[in-house]
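Colleague: With the numbering used here, letter number 169 in the sequence shown gets 178, and the count goes up by one each step, no holes.
Note that these hints are calculated values from the structure, not bench results. Small disclaimer: the values here were computed from a predicted structure and weren't measured. Be aware that a few hints might be false.
Distance ranges between label pairs, derived from CB positions [unchecked claim]:
id : residue 1 : residue 2 : range
1  : G52       : L365      : 35 to 41 Å
2  : G316      : V264      : 34 to 40 Å
3  : Y75       : N375      : 24 to 30 Å
4  : R372      : L161      : 37 to 43 Å
5  : R202      : L167      : 18 to 24 Å
6  : E238      : A358      : 24 to 30 Å
7  : A347      : P101      : 44 to 50 Å
Don't be surprised by glycine CBs; every beta carbon is placed ideally from N, CA and C.
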Amino acid sequence: MRDDMRAHARLLFAGLASFVLMGFGQSLFGPTLPEVTRLFSLGGGVAPWLISALWVGSATGVGLMYVLGDHVRPRHAIGMLFLGATGLTLQPGWAAMLLAALVFGTGYGLATATFNPRVLRAFGPRGASMLSLLNAAFALGAIIAPLIFVALGGVSALVFGITAAGCLLVWALAGERADPARTAPPPPRPGYRVHWPSMGFGLVGIGIESCLIGLGPTALIASGTTEPEAARLLSAFFVAFLSARVVLGVMAHRVQPFTLYLAGMLWAVGSALVAALWAPGPAFVALGISAGMFFPGFFVAASRKMGDDPRVTPVILSAGLVGGIGAPVVMGQVMQAAGPRGFFWILLAIAVPTALAALALRRRMNG
10 MRDDMRAHAR LLFAGLASFV LMGFGQSLFG PTLPEVTRLF SLGGGVAPWL ISALWVGSAT
70 GVGLMYVLGD HVRPRHAIGM LFLGATGLTL QPGWAAMLLA ALVFGTGYGL ATATFNPRVL
130 RAFGPRGASM LSLLNAAFAL GAIIAPLIFV ALGGVSALVF GITAAGCLLV WALAGERADP
190 ARTAPPPPRP GYRVHWPSMG FGLVGIGIES CLIGLGPTAL IASGTTEPEA ARLLSAFFVA
250 FLSARVVLGV MAHRVQPFTL YLAGMLWAVG SALVAALWAP GPAFVALGIS AGMFFPGFFV
310 AASRKMGDDP RVTPVILSAG LVGGIGAPVV MGQVMQAAGP RGFFWILLAI AVPTALAALA
370 LRRRMNG
């Protein structure tokens with residue numbers, strides 16, 4: 010293990026630092042929506058397009074990996090993250106903000122589909138543990154960012170500037186040694202089979218996660234929470250998210266993967282009900298546990314159903330990205346007319362039938 014760490018230290022550094030910055034940058038989109046709405050005089054329901062632009066970019070990055078994956082290097086992904094964060098820092102106009110979010114999202118998608126397989130190959134038997142470490146790094150960045158946003162007075166340009174500076178530093182330090190498989194021949198492509206139930210569950214799960222991260226602060230503000238307190242609750246949400254991922258890293262191999270997805274959806278039903286009826290703040294934090302369970306549960310189950318072809322990962326990720334792109338736009342429009350706690354009622358209306366479907370298909374999905 011020590012030999013692996015020495016041989017691939019630069020890859021691990023680049024991956025960990027990039028995932029911290031990805032979590033840092035993504036978690037800023039939700040808290041900054043009220044400021045962006047005021048800054049560009051946007052109408053109701055328009056600001057969530059910024060979140061969808063992020064996910065469209067991520068889908069673009071995953072698509073590029075599907076087509077050009079053998080030629081994309083870690084520094085390409087980090088460079089795209091830097092360019093997008095720079096545009097979000099400069100904020101020259103609303104259209105430019107959308108473009109910058111799309112570019113940042115492209116870097117996000119490239120990094121997700123680039124670092125995971127490289128780390129997995131580089132560390133051999135310990136590769137799965139290193140992947141868990143990458144996920145923890147993402148959550149760490151997501152926890153810190155809202156707190157810094159509040160500490161800097163809620164000025165989004167400052168925190169996005171920190172993101173850009175961090176990306177530039179990582180790009181400079183990563184170097185070409187961040188890619189241990191640079192000269193390896195492309196892997197064989199034996200073909201794959203799409204498993205549509207897995208794709209559907211991934212779409213809903215990641216769509217819910219996207220709405221929680223991006224629109225959660227706005228929903229909390231609508232229910233009477235102040236903007237600084239909403240940002241702090243988002244940070245606590247990511248603490249719950251991280252806690253769920255850490256626990257899964259220890260015991261996930263003991264539980265069938267789709268059972269984890271089902272448990273996350275059932276937890277979302279209970280938490281959304283508590284948020285709608287009694288305590289939005291604490292229940293929103295509890296929803297971070299669900300968000301931490303959706304992706305590992307559906308991704309592993311779908312991978313088992315769809316085979317080992319190198320293109321399987323981009324295809325699986327694309328299902329979640331469809332939800333991540335569309336859900337914030339639809340939810341952002343509907344919640345405008347749904348009342349102070351309408352976000353949580355809508356979430357409940359989505360989670361209940363999904364949980365029932367997951368319960369009915371559990372054995373088939375785990376088979």
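Colleague: So, for every hint listed, does it hold in this structure?
Modeller: Quick rundown of the hints versus the structure:
1. G52 to L365: 35 to 41 Å: At 36 Å between Cβs, range holds.
2. G316 to V264: 34 to 40 Å: Violated: the Cβ-Cβ distance is about 22 Å, outside 34 to 40 Å.
3. Y75 to N375: 24 to 30 Å: Since Y75 and N375 have Cβ atoms about 27 Å apart, the given range 24 to 30 Å holds.
4. R372 to L161: 37 to 43 Å: violated (50 Å)
5. R202 to L167: 18 to 24 Å: violated (48 Å)
6. E238 to A358: 24 to 30 Å: The hinted range 24 to 30 Å holds for E238 and A358, with Cβ atoms some 26 Å apart.
7. A347 to P101: 44 to 50 Å: violated (33 Å)
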